[in-house]
Amino acid sequence: MLSQAPYPTSFEQAVDRILASRRITRADQQLLLSLQDLTAQQRAMVNRLFDRLRSGLLKVVD
-17 MLSQAPYPTS
-7 FEQAVDRILA
3 SRRITRADQQ
13 LLLSLQDLTA
23 QQRAMVNRLF
33 DRLRSGLLKV
43 VD
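First residue of the sequence shown: -17, per the numbering used here; consecutive thereafter.
Please note that a few of the clues may not be correct.
Said to hold, decoys possible - Computed spacing ranges between beta-carbons, pair by pair:
#1 GLN(-5) / ASP33: 18 to 26 Å
#2 ASP44 / ALA22: 16 to 24 Å
#3 ASN29 / GLN(-5): 26 to 34 Å
#4 LEU35 / GLU(-6): 26 to 34 Å
#5 LEU15 / LEU39: 13 to 21 Å
#6 LEU13 / ARG36: 26 to 34 Å
#7 GLN18 / GLN(-5): 25 to 33 Å
Hints are computed from structural coordinates only; laboratory data are not their basis.
All C-beta atoms in this analysis are idealised placements derived from N, C-alpha and C, irrespective of residue type, glycine included.
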């Protein structure tokens, strides 16, 4: 039996929105840094976002 993720589709939708727009707000950034109890898949998504941010592929907007 699969356990339900603590941050359901809204987490994935937020990540998809950030990747599609190539923009991340400071609020998005703070939210992602504050999340706890992420699944391995969700941690990988966050890492992918921050890798893109460090590479200049995401723009930080306020």
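>> I want to verify a distance hint. Is the separation of the beta carbons of LEU13 and ARG36 within 26 to 34 Å?
In response: Violated: the Cβ-Cβ distance is about 18 Å, outside 26 to 34 Å.
> For the pair LEU15 and LEU39, does the Cβ-Cβ distance stay inside 13 to 21 Å?
Replying inline: Taking Cβ atoms as reference, LEU15 and LEU39 lie about 18 Å apart, which means the hint holds.
>> Please check whether GLN(-5) and ASP33 have a Cβ separation lying inside 18 to 26 Å.
In response: At 20 Å between Cβs, range holds.
> LEU35 and GLU(-6), beta-carbon distance inside 26 to 34 Å?
Replying inline: 18 Å, violated
>> Is 26 to 34 Å respected by the C-beta to C-beta distance linking ASN29 and GLN(-5)?
In response: 18 Å, violated
>> Just to be sure I understand the hint, the distance between the Cβ atoms of ASP44 and ALA22 should be within 16 to 24 Å; is that true here?
In response: With a Cβ separation near 31 Å, ASP44 and ALA22 fall outside 16 to 24 Å, so the hint is violated.
> Regarding GLN18 and GLN(-5), is the given constraint of 25 to 33 Å on their beta-carbon distance met?
Replying inline: 19 Å, violated
Consistency note: the structure conflicts with the earlier hints numbered 2, 3, 4, 6 and 7.
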